[in-house]
Amino acid sequence: QGSVNHGRCFETLIPAMKDVPVPLWICGEGNFMDQTKALIEAQGLTNRILLKQYIPPALLPAITRQAAFGLTLFTATGLNQYQSLANRFFDYMMAGIPQVCVDYPQYRAINDQYGFALLIPDTDTATIAAALNKLRTDTVLYERLSKKAREASCVLNWQQESKHLLQFYGAIQQHG
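With my numbering applied, the sequence shown covers 694 to 869.
If you are wondering where the hints come from, they were derived from the structure by calculation, not from laboratory data. Heads up, some of the hints might be wrong.
To be verified - DEER-style ranges, computed between Cβ atoms:
no. : residue 1 : residue 2 : range
1   : Glu844    : Pro750    : 22 to 28 Å
2   : Glu734    : Ile756    : 19 to 25 Å
3   : Val833    : Glu854    : 29 to 35 Å
4   : Leu834    : Lys711    : 30 to 36 Å
5   : Ile865    : Pro716    : 47 to 53 Å
6   : His868    : Asn826    : 52 to 58 Å
Said to hold, decoys possible - Okay, derived cross-link-like pairs now, SDA-like style, lysine to any residue, Cα gap no bigger than 20 Å in a straight line:
no. : residue 1 : residue 2
7   : Lys745    : Gly771
8   : Lys745    : Gln728
9   : Lys745    : Glu722
10  : Lys711    : Thr818
11  : Lys745    : Asn780
12  : Lys730    : Asp712
13  : Lys827    : Pro814
14  : Lys840    : Arg801
15  : Lys745    : Arg781
16  : Lys827    : Ala735
17  : Lys711    : Glu734
18  : Lys711    : Ala735
19  : Lys841    : Asn804
20  : Lys827    : Asp796
21  : Lys730    : Val715
22  : Lys745    : Pro716
23  : Lys711    : Ala819
The beta carbon of each residue, even a glycine, is placed where N, CA and C say it ideally should be.
Model the full structure from these sequences, guided by the hints.
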């Protein structure tokens, strides 16, 4: 889910799906859509990879909950990507869905504390396929990550974070 843009690892994810016998839904649109369609066709995966295009944000949680696992993949083309935290990382967590995620510093910091993602060291085709197949076949790992995601969703949510924001504003008002 999100934008189908350059740098989102579709050029390695799509070939990886040849070795992962499950369907893949790609939700979103972007500047890599034509290449994504061509890759799906070239890999012979038109029967397993579904392009759902843009989904309104209000409908996305219901679609996300249908997934067995999520993917948070980016190419670190710059510091912005390397230090980012994508919304989808939290969307999957809130849905209680394990995910395969790039091992960049901010994801690592959260995962070290809450442990709901399977972090991968690179976004090579073989690495992605191996991680997805591990989630698909290791039911103990899958259940542990799913449980950890549900537990983290009780802490990492707006209801909890809004308290910190209100405290921050209160401190500014008191001292400002």
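The hints, checked one at a time:
1. Glu844 to Pro750: 22 to 28 Å: 25 Å, holds
2. Glu734 to Ile756: 19 to 25 Å: 24 Å, holds
3. Val833 to Glu854: 29 to 35 Å: 31 Å, holds
4. Leu834 to Lys711: 30 to 36 Å: 23 Å, violated
5. Ile865 to Pro716: 47 to 53 Å: Check passed, 49 Å falls within 47 to 53 Å.
6. His868 to Asn826: 52 to 58 Å: 54 Å, holds
7. Lys745 to Gly771: 28 Å, violated
8. Lys745 to Gln728: 15 Å, holds
9. Lys745 to Glu722: 9 Å, holds
10. Lys711 to Thr818: 10 Å, holds
11. Lys745 to Asn780: 18 Å, holds
12. Lys730 to Asp712: Cα-Cα ~18 Å, so holds.
13. Lys827 to Pro814: 15 Å, holds
14. Lys840 to Arg801: 18 Å, holds
15. Lys745 to Arg781: 16 Å, holds
16. Lys827 to Ala735: 25 Å, violated
17. Lys711 to Glu734: Given that 20 Å is the threshold and the Cα spacing comes to 12 Å, the pair holds.
18. Lys711 to Ala735: 11 Å, holds
19. Lys841 to Asn804: With Cα atoms ~10 Å apart, Lys841 and Asn804 stay inside 20 Å; holds.
20. Lys827 to Asp796: With Cα atoms ~16 Å apart, Lys827 and Asp796 stay inside 20 Å; holds.
21. Lys730 to Val715: Since the Cα atoms of Lys730 and Val715 sit roughly 18 Å apart, the hinted pair holds (cutoff 20 Å).
22. Lys745 to Pro716: Distance ~12 Å between Lys745 and Pro716 Cα, so the pair holds.
23. Lys711 to Ala819: 10 Å, holds
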